[in-house]
Every structure is written in structure tokens, then in C-alpha cells.
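**Student:** One-letter residues, chain by chain:
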Amino acid sequence: MSETTSSSVATNPLGLSSIPSVSSEGLVPVGRRTSLRSYLGALWNRRHFILAESRAKMSGSTRKNLLGYGWLFLNPLLSVMAFWFIFGFILESDRDIDNFLGYLIIGVFFFQFTGKSMTGGTGAIRSGASMIKGFQFPRAALPISVVVRNFLDFIPTAVVMVLLIAVITPPDVITWRVVLVIPVIILQTIFNVGLACFLARVGHKIPDLTNFMSIVSRFWLYGSGVFFSIEDRLADHPAILATMQFNPMHAYLTLVRNSLLYATDSSPWLWFMAIVWAFGLLIVGFLFFWRGEESYGRL
Amino acid sequence: MVDSELQEPNIVAENVQVRYTVNTNDPGLKAKGLRRVGNVLRGRQGQTTVRALRGVNFIAREGEMVGIVGANGSGKSTFLRNVAGVEQPDRGRILVRYQPLLLGVSAALQPALSGSENVRLGCLAMGLSPEEAAEAFDYVVDLSALGAAIHRPMGTYSSGMGARLRFAIALAARPKIMLIDEALSTGDATFAERSEKAMDELLAEAGTVLLVNHAAKVIQELCTRAVWMHKGEILMNGPAEAVAEKYRWWAWNVAKGKEDIADKLLHDVVSSAVKEEINILEPELIRDPIPRHASRLNKVKRPENARHVRRNTHVDEIEETEEPLLAAAESQVWTEKIDVEQLAVAKFPVLPKPASEAVSAPRIHDEPPPLRLRPSNKRVVLRAADPKDRASSVAASDDLTGRRLESRARKIADERYLERQKLRETTDSIAQDSHT
Numbered sequence: 001m002s003e004t005t006s007s008s009v010a011t012n013p014l015g016l017s018s019i020p021s022v023s024s025e026g027l028v029p030v031g032r033r034t035s036l037r038s039y040l041g042a043l044w045n046r047r048h049f050i051l052a053e054s055r056a057k058m059s060g061s062t063r064k065n066l067l068g069y070g071w072l073f074l075n076p077l078l079s080v081m082a083f084w085f086i087f088g089f090i091l092e093s094d095r096d097i098d099n100f101l102g103y104l105i106i107g108v109f110f111f112q113f114t115g116k117s118m119t120g121g122t123g124a125i126r127s128g129a130s131m132i133k134g135f136q137f138p139r140a141a142l143p144i145s146v147v148v149r150n151f152l153d154f155i156p157t158a159v160v161m162v163l164l165i166a167v168i169t170p171p172d173v174i175t176w177r178v179v180l181v182i183p184v185i186i187l188q189t190i191f192n193v194g195l196a197c198f199l200a201r202v203g204h205k206i207p208d209l210t211n212f213m214s215i216v217s218r219f220w221l222y223g224s225g226v227f228f229s230i231e232d233r234l235a236d237h238p239a240i241l242a243t244m245q246f247n248p249m250h251a252y253l254t255l256v257r258n259s260l261l262y263a264t265d266s267s268p269w270l271w272f273m274a275i276v277w278a279f280g281l282l283i284v285g286f287l288f289f290w291r292g293e294e295s296y297g298r299l
Numbered sequence: 001m002v003d004s005e006l007q008e009p010n011i012v013a014e015n016v017q018v019r020y021t022v023n024t025n026d027p028g029l030k031a032k033g034l035r036r037v038g039n040v041l042r043g044r045q046g047q048t049t050v051r052a053l054r055g056v057n058f059i060a061r062e063g064e065m066v067g068i069v070g071a072n073g074s075g076k077s078t079f080l081r082n083v084a085g086v087e088q089p090d091r092g093r094i095l096v097r098y099q100p101l102l103l104g105v106s107a108a109l110q111p112a113l114s115g116s117e118n119v120r121l122g123c124l125a126m127g128l129s130p131e132e133a134a135e136a137f138d139y140v141v142d143l144s145a146l147g148a149a150i151h152r153p154m155g156t157y158s159s160g161m162g163a164r165l166r167f168a169i170a171l172a173a174r175p176k177i178m179l180i181d182e183a184l185s186t187g188d189a190t191f192a193e194r195s196e197k198a199m200d201e202l203l204a205e206a207g208t209v210l211l212v213n214h215a216a217k218v219i220q221e222l223c224t225r226a227v228w229m230h231k232g233e234i235l236m237n238g239p240a241e242a243v244a245e246k247y248r249w250w251a252w253n254v255a256k257g258k259e260d261i262a263d264k265l266l267h268d269v270v271s272s273a274v275k276e277e278i279n280i281l282e283p284e285l286i287r288d289p290i291p292r293h294a295s296r297l298n299k300v301k302r303p304e305n306a307r308h309v310r311r312n313t314h315v316d317e318i319e320e321t322e323e324p325l326l327a328a329a330e331s332q333v334w335t336e337k338i339d340v341e342q343l344a345v346a347k348f349p350v351l352p353k354p355a356s357e358a359v360s361a362p363r364i365h366d367e368p369p370p371l372r373l374r375p376s377n378k379r380v381v382l383r384a385a386d387p388k389d390r391a392s393s394v395a396a397s398d399d400l401t402g403r404r405l406e407s408r409a410r411k412i413a414d415e416r417y418l419e420r421q422k423l424r425e426t427t428d429s430i431a432q433d434s435h436t
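For the protein sequence lines, the chains are A and B, in the order given. Count the first sequence with our numbering and you get residues 1 to 299, in order. Count the second sequence with our numbering and you get residues 1 to 436, in order.
This is chain B alone, in the form it adopts within the complex (with noise of 0.2 Å):
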């Protein structure tokens, strides 16, 4: 949609790799001789590796909602798991702006303490003072409105009333990287309203948001771009609807029984799959490019390529972009007006439409989006002065929170928000008709 390119990055994941260990009955799988006889001692049958994620190369950006779709076991969770750094990856790093927060499914907890003692206990964990901390609380109440429950034990608690719980206390500490696997799915029609909101709040304030959520729909209506993984790995990464759409026929053929459909349809994704990898800058490099510059003159012959050197080993694709010039430079001919076609045709080849533009609705860039009413006694006002002793913004070292808060990010959330609102009415609208 907009050059995403220009926005800052909030998460980096370089070539991320995670394995486990884990115990299986596998009967293929078990272990001979000795080693039998000591599993079976201790009560096991064998164990084997699996491989949960198998080198993820991945970037969010700022004002970006990136669904991530996939089947079960594909390493969704591990990948946020991951980026949340609740867990290290075996191989490969994940770089981030601000210290991401984790929704998982599991939503309680201290299942004995009340709903609002563990409001208390969450901000604190996440670094909030005592008085931020009472007075997130009341913002927190309001937004998870549970009423009454809120005085309950969590453990009594419904998974969509711990869900609405969590979802609300996560956004007390402001955080700008939220990765959310699953949790709002059990919420109902007024709670997914009001985290719609939220979320497009965050987002607006340069925020990052990474969504799990298996209704291919959702991924459509809410995110910006979407990344569909399959057995540890992307295999698409592009816009939200071409990439939930293709999922969803892929996971509607399998649910069919047409496997030899989904086949052929898994097949040419992964064919057409770019392994993608990230060069990954360091700032020294840019802060004092001068030392750096002159010494890797003499080792890289092109410099300029340094910058983003992807190594991208798709042979089929350098034979494409290379034959025109060698067919021309076999031809030998060296006429210039040949030669200036052959250019032009090799700079700018006829693609087809980008699926942004062929899906979506128009966008009209001219008029600036009108503005939407937020309450005025807005309680979310609990930034410290000091950006430092926050939860969400561990990473400050140069915190650049406050500069891009009117910057286009918010505008692309005004305009998805809009844009969504529009949709709704129009569906509803063919809905109302075709019940009539």
C-alpha cells in the first residue's frame, strides 16, 4: 500500500531457528539395546528433534499489523515466543525497538487472586510504578469491562473474560510491540470492537502488531500485511488479502479432502517463494561509515552493493534478468536504439498488477481522511517523563517515541479504521438486503 519501506523497522528476525527435544512413542522411533533398557527405566519411550522454526527472516515495521497465518504446528507460536523473548532461538537473533508483550491463551495468572489483584500484580511486572499502577487501574477496569467479576478469583473466570482481562492490562503499560497469538478470539462482539480501537491507537503511535489468529478474515479486515507459515518457515509474505485468501482456499481444499488441489496450490507458493534474508546493518557502520568504508574498498570490488547485499540464490531468477543482456550481447548488436529498448524493457518488465492494487478497495490520497472523534476524557495518558523506566520501552536508548506520533503512521491507521467501518456497512448493508 504505502512505501513500508521508509518506515523504521520495530522487529528484526535474522535467519531464527528452534528445535526441540521432546519425548515420543513413536514405535519407528525407538531407541535399541541399552539405551532401550534406560528409557524404559525411566518411564519413556524415545525422543526426538523437532524442528519448530526453520530459519525465519522477517521485519515489521512501524504503524504495521502483520497477521500470521498457518496450520496448526506450524511454528506460529514458537515465532512469537520467540520475538517476545520469552525463549531464545537456537540459531539466528531477533532485534527489536521496544520490549514486546506476549498475549497468549493461557490467561490467568495467579488463578487464586482476584481480577483486580492481578491487574495490580501485571502492571507491576511490567515495570509501572505503584501510583501508575492505580491509575492504570481504572482504565484497565474500564476497558476489560467485566463489571463485578472484576472482584472474582481469575481461576473462576471464562477463557474470553481472562482474555478481555489480559488484553486490557497489556495495554496499561502502553506498549508498542504487541504480539497476540490467538487471545482475542474468545472475546465476543463488543470486546473485539474496543480492542479493534485500542489496537488502531497503538499502531497510530508507531506500534507494531504481530497477530495469530486462524479466521482468515480477521487477518483481512485488521492487518496491513500478512505472512502465512508453514512447517517452520514463511513461505508468503505480502499483502493481508491476497495472502489470507490464498490460505483460506488452501485450508478449505484440505479440510475438503482435495489434497491433490492443496497440493498443487502448496506447491506453486513454494515455488514461487522468495527465500528472503535480511541484511542486517550495524550502527556503527552508519555512525562512522568512514573507517569501516575505506577498509572493505579493497576486499568488495562494488561498494555500493554492500548496502544490501541479499544473498538471494534463486538461479531461475538471475538466468531471467540476465538473458535479454546476454542474448543482446551475443547479437552483437550495438546499435544504440536496441540497446536503449533492451534497457527499458529490462528496468521496468510487464508485472502483473501488485494483488494491493487489484484487491483492495481505492484508496484516495488527495483528501486528507477526516478526523475521528476520540472521547475527550481520554484516560490513557500514563507515559512517564521519563521514557527510561518503562515496560515497552526498554530499548530506549534513543527513544524516538514522541517524534512520530502525527506522522503518516497515524494517518494509515485513521484511514484503515475508516476503511474498515466502510466495509462493515457495506456488508451488513448486502446482509440486511439479501434477508429482505
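The following block holds chain A by itself, in its conformation from the complex (with noise of 0.2 Å):
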């Protein structure tokens, strides 16, 4: 020991002092991803954080506005209109569909809570570049806040919806079936927070993704039945329909409309779809999200 640091010191004119062997014991890679499990564990105790992050978000966005939390329902509501105008007016695709503005609001309103989260986890880890740089913490959180603070903002509008759906159809359709909508939308939340966990990765990897989003969000819109029926307009094309019912969306959007608007019960299919779908993508999104762990730094 002594001779190591003497030897060294001799070709060092200044007497530098340098380096010798030291034990690990104690320390730890620094910023390393961990085990799932403890990953979970530290998930779990950051979700003040999480809460307090998707505030932020939801009030930083609404300051900037005049009317604030107004446009939280003024957004969907003036969407529904511009589509009824539109879609039931001037194409006439609400011939064949009862209650034809009930099923659009519900088709708009549902549809805008995916749509919101799949664009914000896209980019959740580029809006977060502050906070990843100056915390340590699990990426998760950001874009999980990012589907909670959509949660946060759909919730009063939901209610909104249900009070406007409850004025607009005739009475005897309102049965005991409402109550199915509050799984649908547990399980579209966890659909949601799979789908920002995967393409938080995704659109950190590739940042044109963002240019590429808002088709994709369309295109799933239109897809997804939003303001016509799928099963009417694909008669003729049976080979698109039977992948269309493979579409998540599809399935969360009638499992409403039949629970609040035609009083009837969905198919098992349907139910299952809704179910594997959510649970799926979550684990897949998220353990997908979490490989990534140690790049995220990175911009």
C-alpha cells in the first residue's frame, strides 16, 4: 500500500495523491432500472407524485385558457355538434341508428379520453425532460400521470354526458345497466395507462412519431365507429368487420351505448375483448416501458 502510493507520488511533482483500491460495499450502480418488483415498490411510493404531477398539468394547461376548466366541456360538446351537423345532417348516417346525438356524444366523449392520453404518452417523456433531469424517480410516473390527469379531467365530463344522455332519451331506456358504465371506463383507464406506457418508449425512440399520432388518432376514430355503425357500413365487406371487432375501442364504445342507450345486455365477446385488451396492453406496455428504464435521460 504504502509502496504503491510512494511510487506515484515520485512521478508526480506536485505530490498528487492517487488512487487506491476501494471496496463496493455499500454502493450501488447509480440510475440503474431495478427489479420489477422494487420498481412497483417505488411506483407505489411516488403516487403523491403522480397525483401531484397530472395536477400540474391539468391546471398549467387551463390557466393559459380565459374560460379555464370551461373548455373541458365546451371541447367535446362543440365536436358532437360539428359531427351531427355533419355526419347526421348532411351524410344522413343516423337513418339507421336510434338516438342518433346519444350515440355521438357518448362515441365523441369516450373516444377523446383515449385519444388525449395516447397523444400526451407519446410525448410524456419529452415534456418531462426537466423533471427526469433534476429527480431521480420511475419514468413510469409520467406518462401514468399523464392518463391520470386525463382520468381527472374525464370524470366531471362524464358526468355532464350522463345528465345530457339522461335529458335526451325517453325514460324507460334508463335501467339498472347504467352501472355497467363505471368498469367500462376502469377498464378503458387501464387500457389507457398500457397505451401511454408503450408509446412513451416508442415516441422517445422515434420522435417523429408525434407528426405521425394525430393520423393514427384519426384514423382509429373512424375506425372505431364513433359516428356510424361499423356493423351497417361493413355488411359488404365481412373480412374488415371481423378485424373490426377485434378494435378495444369498438368494444368499450358499445358496451356503453348498449348499457346507457338501448337498455341491453353485450355479448360475453365483448365483455372479454374489453377485459383482455386492458389487462394485456398494461402488462405488455408497461414492461415494455420499463426495459427502457435507463435511456430515458437521454433527449
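I should point out that these hints are in silico values taken from the structure, not numbers from a laboratory. Just so it is clear, the structure is predicted and the values come from calculations on it, not from any experiment. Keep in mind that a hint or two might mislead.
Okay, derived cross-link-like pairs now, DSBU-like style, lysine-lysine, Cα gap no bigger than 35 Å in a straight line [stated by the list, open to error]:
#, chain 1, residue 1, chain 2, residue 2
1, B, Lys231, A, Lys205
2, B, Lys197, B, Lys422
3, A, Lys64, A, Lys205
4, A, Lys133, B, Lys231
5, B, Lys231, B, Lys197
6, A, Lys133, B, Lys217
7, B, Lys258, B, Lys231
8, B, Lys217, B, Lys197
9, B, Lys197, A, Lys133
Some chain B residues near chain A, calculated using beta-carbon distances under 10 Å [stated by the list, open to error]:
#, residue
10, Pro9
11, Gly46
12, Gln47
13, Val50
14, Val86
15, Gln88
16, Val96
17, Leu101
18, Gln110
19, Leu113
20, Gly122
21, Gly127
22, Ile280
From the derived model, a few chain A residues whose C-beta atoms are all more than 10 Å from chain B [stated by the list, open to error]:
#, residue
23, Val30
24, Lys116
25, Val162
26, Ala166
27, Thr169
28, Pro170
29, Pro171
30, Val173
31, Ile174
32, Val178
33, Leu180
34, Ile185
35, Arg218
36, Gly223
37, Ser229
38, Arg233
We treat Cβ as the ideally placed atom computed from N, Cα and C, and that holds for glycine.
Taking the hints as your guide, dock the two standalone chains into a single complex.
**Tutor:** This is the structure we're talking about:
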């Protein structure tokens, strides 16, 4: 020990100290991806942070507008009116749909929840860059907080939506099945978390995706039967219709419409699709995001 | 100054290499042929790989405040980002005892939110519980001393105000390792005083601070040790006074356009630089030495060397140390007297005085340093009962937090504080003398 230090000092006219061997006991590699178990534990410990972060995003974006929270309701209502004018009035796609306005309202409100989570999740890492650089926390908190924020936005609008539908529909269709909307919202939220996590990593790796996402989102909007019935329109194309049955958004929208508007029981296949999509994408998306944990600091 | 090798290391970086692939419009690096067409289509001109860090070996121990100096683009910030765990190095590894906290120049966290909301958000991001965050709030507001501005959006802050708030937020979690990247240079004089005090307390609790600052004077005043980085490598590693002085002299010459002197200085430093390597002992070796040791005996001839095999391939050095012995062996004079003399010379060569002794003020170790007066209503007691649930102690499998509180680290911190005060007083009095 003394020999090695003295020899290195001898070559150094300033008498600088040298670095001997050190024990790595009690030291851990920094910023490494931890095991899934401890990662989930750390994420649970940051639950207050996720809530605070999502509230911050919510108020940060609404404060800039004059109407503030009003846009949460105005935006989907105005788009319902626009869609009604084009699809209901001009294209007359309402002729074979009962209660077209209610059909449209449910489609627009529920699709916006997923659509916003999709675009928000894609840019979650980029918009959280200052937090990532400043603090060490499980990065999955960022896409999750995007979904939580949209969920918090969605709940008041969903209440307004249910009230609207109660006004415009005949009272005999309102049955106990209204309660089934709650499990559908929960399943859709779980689906959104998986989607946001998945897209957050993809969007971080391929920044071009933000350009692409608006097109995908629009295509999905049209393909999920938000303002026309897929079953009627695609009757001539059984192959496309069969694949459309696997569309998760179609399943969620149909489940809500059946229980809110038409007071009918949904097929078990739809429930099966909704559950498998929600938990399947949650697991796949979260694991995919977790595997890239170390890369998010590089922008 | 002290025998710092007795202290436990808080940060160990072993052969850290980082490279970035970035776009460039350097005409010499334009791609040829089809690839060029592709680049034009994508609106690019060419790409180049920058080696930001070329194998940095570095250790920082408890109670140390290490300054990092170097020209712009020498890899200081990259190194700090890697130590903080924001990025992962391409090669090598970095081990830490506690989760480091990085304070960068980009101050605003959520520019649309008010300062107080940012305080809460930052505290929660560091892993404090809401109750702890509420408790820390007063302390943070106090330390940042922003007054009514704390309720205004953080986007409207000046850079100095933002830096103050960020620093105060960072201290709310009582971090053990802090990495400060130019963040304090925008603060004013009153804040400098406060932040120094806060950092002294951190150091006294066996913490470590890495400080990047371009003012060599600040490094000299605050740090115990300094490191000079140049083009992604550590050129010099030693007492803050000596390293900062050399760096300042070099930078001054570069600034004045005296490149020949600067180059010569750099050459001197490079030629005397020791390429330091670290041998990291894995904990199994210490906890359970017998089986490994027994197996290693067969392979390694001198097992006592394996404890610190520094692959220190400095050819000159070996020749220098071995030469007297070789000469003695060749001359075949094996009388005992000469042998003893030779050995004594080889063991204790006449060295130039260590720079730490030559430059810094003499220390009196005999009398205990007078106690520092602290405010009694200290609102800094934020530590949770269980150290595991806190941001700053991620590494705590066996947390040694409380054990070394009154160890010599505190003594050192107090000593340094007093010394700094004394230095300032003398410089102030000198300045006053020169004025009057």
C-alpha cells in the first residue's frame, strides 16, 4: 500500500494523491433499472407525486385559457355538434341508428379520453425532461400521470355527459345497466395506462411519431364507429368487419352504448375483449417501458 | 490535508466513457453518394461521434467537496449527469452510496406553476411523503428567501431566483450527495453565504458535494480537492488550491492568446499526469474472503498485491523506482550497510513538498476547533424514522447515516468554515487597507 502510493507520488512533481483500490460495499450502481418488484414499489411510493404532477399539468394548461376548465366541457360538446352537422345532417348516417345524438355523444366523449392519453403518452418523456434531469424517480410516473390527468379531466365531463343523455333519451331505457358504465371506464383507464406507457417509450425512441400519431388517432376515431355503425357500413366486407371486432375502442364504445342508450345486455365476447385488451396492454406496455428505463435521460 | 483514504467512498466512477452521435454541418464530414442524398432528404448534413468522456476514474469520499474545473466542452456536465444517473455511460460504471441530486442550470421545473407549487412537486418527486413535504415547505421558503415571489409562476423568475429555489428544494430531502453544475454562480452574495452554510452542514453529515464552477477562486475557497478535466479526461487531481491555481494560470494564458505558454503548461500537466485506475473490490470478497482467496492463491503469486492491483502502466515510473535497486544488484556490492542505505533512499525519496502543505494555511490540530453556533430552532429535522423511504438513501441496504455524524467529517467541515471566514477577514482587511 505505502509502496504503491509513494511510487506514484514520486513521478508526480506536485505530490498529488493517487486512487487506491476501494471496496464497493454499500455502493450501488446509479440510475440502473431495478427489478420489477422494487420498481413497482418505488412507483407506489411516488403515488402522491403522480397525483401532484397530473394536477400540475391540468392546471398549467387550463390557466392559460380565458375559460379555464370550461373547455373541458365545451370542446367535446362543440365537436359533437360539428359531427352531428356533417354526419347526421349532411351525410344522413343517422337513419339506421336510434338516438343518434346520444350515440354521437358517447362516442366523442369516450374516444377523447383515449385519444388524449395516446398523444399525451407519446410526448410524456419529452415534456417531462426537466423533471427527469432534476430528480430520480421511476420514469413510468410520467406516462401514468398523463393518464391520471386525463382521467381527472374525464370524470366531470362524464357526469355532464350522463346528465345530457338522461335529458335527451326516453326515460324507459334508463335501467340498472347504467351502473355497468363504471367498470367500462375502469377497464378503459387501465387500457390507457398500458397504451401511454407503450407509446412513451416508442415516442422517445422515434421522435417522428408525434407527427404520425395525429393520423393514427384520426384513423382510429373513424374506425371505431364513433359516428356511424360499423356493422351496417361494412356489411359488404365481412373480412374487414371481422378484424374490426378486435378493435378495443369499438368494444368499449359498444359496451357503454348498450348499457346507457339501448338498455340491452352486451355479448360476453365484448366483455372478454375489453378485459383482455385492458390487462394485456397494461402488462405489455408497462414491461416495454420498464425495459427502457435507463435510456430516458438522453434526449 | 487529512488522510482521506480512511473515509468511506461515496462516489466511485470506474472507466466512464460516454459518446454522443450528433448532427454536424462540418463540410469535411459530409457523407458521399447515396447516403448524402438520404441526408439531404432528411434535412441533415452529416453526423459525427463526439467522445464526451474518455475513461474517467474518480473517487469522492465522505465529507469531501470536490471542485471540477475545465474549459467549456471538457465533459464536466456530462460527468455530473452520469453520476446523477440521468444518463448511463456507454462503458464503465458508477457506484454511489446514496442517490445523488443534480442541480443544473435549467432552473424552472414547471414554468406555469407558482414557486410554492413547484416546491411541493419537487419534494414529492424526491420521494418525500405529503406530510414531509408540508413540513419541508417552510424550510425551503426560508432558505430560498424569495419573499412574495414564491407565489408567482416559476416561469417569471430570474435565473438567480430559479437557482435559489431549486437549491432550496434539493436540500429539503437532505441529500447526501449533491452535484452542483454552475447552479450557484447566478446567486447573489447573501445567497452564497446561505448556500455555503447549508453545504457545510451536508458535508458534516458525511455527505459529498461535486461542484462545477468556472471561477477558480470559488473552487479554492470552498473545495477540499479539485479535478481538472480536459477533453473528457481527468488531467489533474489534487488539493483544490494547487489544481485551481494551475487551471487559472492556463486559462489566463489561453485568454491572453499566449498559446505557446498555455500549450507548454498543458504539456507539463499531461506528462506528469498519472493515469489513475481504480480497483473495485466486490463485497463478497470482504464478507466471505476465504473461498475466493483460496482459489486465487493458485493463480496469483502474490496475493497481498491483489488487494490493490493498480494497473499503473507508467513505464518511466517503473524504471525510476527500480533503477537504484538494479544498480545495486549489478554492482554486486552486498555489504549490509550500503544495502540498508539504498533501501532507505528508495523508500523515502526526497520529494518536493506536497502542494497542500506548501500553499494552504497551517492547521492547528492540537486544540479542538471552537463550536459553531447554530440556530436552536433548526427546522431541518426532516429525516424519516425509516431511512429506506427517502430519496437520498436509495442505496441504504446498511445505512450508515447516523453513525458518523460526529466523526471527523464534522470536524473538518467546521475547520474549513472557520478557515474560510479567517481568509475572508484578512482579504477584506487588506482590501480596506488598500482603500484607505
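**Student:** None of the hints should be skipped; say for each whether it holds.
**Tutor:** Tested hints:
Distance restraint check for Lys231(B) and Lys205(A): the Cα-Cα separation of roughly 28 Å lies within the 35 Å cut-off, and the hinted pair is therefore satisfied. Restraint check: the Cα-Cα separation between Lys197(B) and Lys422(B) comes to about 15 Å, which is no more than 35 Å; the hinted pair holds. Among the hinted pairs, Lys64(A) with Lys205(A) is consistent with the structure: their alpha-carbon atoms are about 30 Å apart, no more than 35 Å. Between Lys133(A) and Lys231(B) the CA atoms are separated by roughly 23 Å; this keeps the pair inside 35 Å, and the hint holds.
Restraint check: the Cα-Cα separation between Lys231(B) and Lys197(B) comes to about 33 Å, which is no more than 35 Å; the hinted pair holds. Distance check on the hinted pair: Lys133(A) and Lys217(B) sit about 28 Å apart at the alpha-carbon level, within 35 Å; holds. For the given pair, Lys258(B) sits about 20 Å from Lys231(B) by alpha-carbon distance, which is consistent with the 35 Å threshold. This hinted pair checks out: Lys217(B) and Lys197(B) have alpha carbons roughly 18 Å apart, not beyond 35 Å.
For a cut-off of 35 Å, the pair hint linking Lys197(B) to Lys133(A) stands: about 25 Å separates their Cα positions. Look at Pro9(B): its Cβ gets to within about 5 Å of chain A, closer than 10 Å, so that hint holds up. Taking 10 Å as the C-beta contact cut-off toward chain A, the hint placing Gly46(B) at the interface is violated, the least distance being around 19 Å. With a least beta-carbon distance of about 16 Å to chain A, the hint placing Gln47(B) at the interface is violated under the 10 Å criterion.
At a threshold of 10 Å, the smallest CB-CB gap from Val50(B) to chain A is about 13 Å, leaving the interface hint violated. Because the smallest distance between the Cβ of Val86(B) and any Cβ of chain A comes to about 4 Å, under 10 Å, the interface hint for this residue holds. Interface restraint check for Gln88(B): the shortest CB-CB distance to chain A comes to about 5 Å, inside 10 Å, so the restraint holds. Evaluation of the Val96(B) hint against chain A yields a held restraint, the C-beta minimum of about 5 Å falling below 10 Å.
Proximity of Leu101(B) to chain A holds as hinted, the smallest CB-CB distance being about 8 Å (cut-off 10 Å). Contact between Gln110(B) and chain A, as hinted, is supported at the beta carbon level, the nearest pair being about 5 Å apart and thus within 10 Å. Below 10 Å, beta-carbon pairs count as interface contacts, and Leu113(B) has one with chain A at about 5 Å; its hint therefore holds. Proximity of Gly122(B) to chain A holds as hinted, the smallest CB-CB distance being about 7 Å (cut-off 10 Å).
Among the interface hints, the one on Gly127(B) holds; its C-beta lies about 6 Å from the nearest C-beta in chain A, closer than the 10 Å criterion. With 10 Å as the threshold, the beta carbon of Ile280(B) comes within range of chain A, its nearest partner Cβ sitting at about 5 Å, so the hint holds. With a cut of 10 Å on Cβ distances, Val30(A) falls inside the contact zone with chain B, its closest approach being about 4 Å. Taking the minimum C-beta to C-beta distance to chain B, about 18 Å, the non-interface status of Lys116(A) holds against the 10 Å cut.
Every Cβ of chain B is farther than 10 Å from the Cβ of Val162(A); the closest lies at roughly 31 Å, confirming the non-interface assignment. In this structure Ala166(A) is separated from chain B by more than 10 Å, as the shortest Cβ-Cβ distance comes to about 36 Å. For Thr169(A), the shortest C-beta to C-beta distance to chain B comes to about 40 Å, beyond the 10 Å cut-off, and the non-interface label holds. Listed as a non-interface residue, Pro170(A) keeps its Cβ farther than 10 Å from every Cβ of chain B; the least gap is roughly 45 Å.
Every Cβ of chain B is farther than 10 Å from the Cβ of Pro171(A); the closest lies at roughly 44 Å, confirming the non-interface assignment. Separation of Val173(A) from chain B is adequate, the least Cβ-Cβ distance of about 43 Å exceeding the 10 Å criterion. Non-interface call for Ile174(A) relative to chain B: holds, since the shortest CB-CB distance, roughly 40 Å, exceeds 10 Å. Here Val178(A) stays apart from chain B, with its beta-carbon at least about 35 Å from theirs, past the 10 Å limit.
The beta carbon of Leu180(A) sits about 35 Å from the closest Cβ of chain B, which is more than 10 Å, so the claim that it is off the interface holds. Residue-level check passed: Ile185(A) sits 26 Å from the nearest beta carbon of chain B, beyond 10 Å. Every Cβ of chain B is farther than 10 Å from the Cβ of Arg218(A); the closest lies at roughly 25 Å, confirming the non-interface assignment. Separation of Gly223(A) from chain B is adequate, the least Cβ-Cβ distance of about 30 Å exceeding the 10 Å criterion.
Every Cβ of chain B is farther than 10 Å from the Cβ of Ser229(A); the closest lies at roughly 42 Å, confirming the non-interface assignment. Every Cβ of chain B is farther than 10 Å from the Cβ of Arg233(A); the closest lies at roughly 38 Å, confirming the non-interface assignment.
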